[in-house]
Amino acid sequence: MRLSRRMWGKVVHVLVITVFTVLLAFPFYWMVITSFKQNVDLYTMENNPFVFNAKPTLDHLKFLFTETRFVRWLANTTFVGIVVVAITLVLAVPAAYSLARLSGRWGERLGIAIFLTYLVPQTLLFIPLSRVVAYLGLQDSLWALILVYPSFTVPFSIWLLMGFFKSIPKELEDAAMVDGLTRFGAFAKMVIPISTSGILTVVIFTFTLVTQEFVYALTFISSESNQMIGTGIPIFLVRGDVYYWGALMAACLIASLPIAFLYNLFLDRFIAGFTVGAVK
Numbered sequence: 001m002r003l004s005r006r007m008w009g010k011v012v013h014v015l016v017i018t019v020f021t022v023l024l025a026f027p028f029y030w031m032v033i034t035s036f037k038q039n040v041d042l043y044t045m046e047n048n049p050f051v052f053n054a055k056p057t058l059d060h061l062k063f064l065f066t067e068t069r070f071v072r073w074l075a076n077t078t079f080v081g082i083v084v085v086a087i088t089l090v091l092a093v094p095a096a097y098s099l100a101r102l103s104g105r106w107g108e109r110l111g112i113a114i115f116l117t118y119l120v121p122q123t124l125l126f127i128p129l130s131r132v133v134a135y136l137g138l139q140d141s142l143w144a145l146i147l148v149y150p151s152f153t154v155p156f157s158i159w160l161l162m163g164f165f166k167s168i169p170k171e172l173e174d175a176a177m178v179d180g181l182t183r184f185g186a187f188a189k190m191v192i193p194i195s196t197s198g199i200l201t202v203v204i205f206t207f208t209l210v211t212q213e214f215v216y217a218l219t220f221i222s223s224e225s226n227q228m229i230g231t232g233i234p235i236f237l238v239r240g241d242v243y244y245w246g247a248l249m250a251a252c253l254i255a256s257l258p259i260a261f262l263y264n265l266f267l268d269r270f271i272a273g274f275t276v277g278a279v280k
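First residue of the sequence shown? That's 1 in the numbering used here, and the numbers climb one at a time after it.
Simulated from the structure, these hints should not be mistaken for laboratory data.
Just to be clear, a hint being listed does not mean it is correct.
[Said to hold, decoys possible] Distance ranges between label pairs, derived from CB positions: (1) G180 <-> S223: 51 to 59 Å; (2) W143 <-> V71: 16 to 24 Å; (3) R131 <-> S256: 28 to 36 Å; (4) V120 <-> S223: 27 to 35 Å; (5) P169 <-> L136: 41 to 49 Å; (6) S130 <-> I192: 52 to 60 Å; (7) A188 <-> Q122: 41 to 49 Å; (8) V16 <-> E67: 17 to 25 Å; (9) V51 <-> V14: 24 to 32 Å; (10) G180 <-> V90: 20 to 28 Å; (11) K10 <-> K170: 39 to 47 Å; (12) W106 <-> I192: 21 to 29 Å; (13) R183 <-> T66: 52 to 60 Å.
Backbone N, C-alpha and C define an ideal beta-carbon position, used for all residues, glycine too.
Whole structure, please, built from the sequences with the hints as guidance.
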């Protein structure tokens, strides 16, 4: 009886994992197969949409890389993402550490207040932020996005890192200072190395937000050469009522693979950092 229960438990476990694996992997399969299908294969209603009904083609990839500024959009997104990640870390790490070590309830209250700013909808913020961008003369510039993106990446990162820093015993820093380190030295040589999971979580989360953000990129960027990947694809690969499905799927696949690779490469640390930051 026990053996049969264990066997059925394993069967159910495998079935659940299989179902979720298929559901999560299907979008990537759909993007891959659509990217290499001929237009005749795509638009013939009698064809099976899940397999190749004709010889695969590279025409959609050629169109994407020769007829659009896709490579430039990728470069813009990478540049903005790296700069915003750096700004977020410079602001969020010391702020989160200070709030985590602040005695009394003020640290927690200030942390909650900062996190609440993250919950403000972008549709309410982009109007005042557009005035700031216009005043600084940053219209149609990537620096406009670098200026506004930290408004929602920093608050969440502070809240996440606060929980992570609180999980680190203060006695470790006290022992390091007894050995001759300064407060900053204890922070840099003791706290930061222990907090790599939380910091890595912030890096991945921030870069993902930058690549997926749409409202600010659509509002502040107008020229084709300065588009981000999240706006360039739907704007220039959908022309009127014409959808370039093959090129669209190829662009989405190329843009999503690096993020998916990072999530899978650092999955354990990402889960650890997110769990500790959210629970503590």
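Here is what the structure says about each hint:
At about 55 Å, the beta-carbon gap between G180 and S223 stays in the expected band of 51 to 59 Å. Taking the beta carbon of each, W143 and V71 are about 21 Å apart, inside 16 to 24 Å as hinted. Here the CB-CB span from R131 to S256 is close to 34 Å, well matched to the stated 28 to 36 Å. Restraint check, V120 to S223: a C-beta distance of roughly 29 Å satisfies the suggested window 27 to 35 Å.
Between P169 and L136 the beta carbons are some 44 Å apart, a value that agrees with the proposed interval 41 to 49 Å. Distance hint for S130 and I192: a CB-CB separation of about 36 Å, inconsistent with the stated range 52 to 60 Å. The given range of 41 to 49 Å is broken by A188 and Q122, whose C-beta atoms sit roughly 34 Å from each other. Between V16 and E67 the beta carbons are some 44 Å apart, a value that contradicts the proposed interval 17 to 25 Å.
A hinted range of 24 to 32 Å holds for the C-beta pair V51 and V14, which are about 26 Å apart. The hinted range of 20 to 28 Å is satisfied by G180 and V90, whose Cβ atoms lie roughly 27 Å apart. The supplied range of 39 to 47 Å is met by K10 and K170, whose beta-carbon atoms lie about 45 Å from each other. For W106 and I192, the hinted distance range of 21 to 29 Å is satisfied, since their beta carbons lie about 24 Å from each other.
In this structure the supplied range 52 to 60 Å holds for R183 paired with T66, their Cβ-Cβ distance being about 56 Å.
The structure fails hints 6, 7, 8 (numbered hints given earlier, in ascending order).
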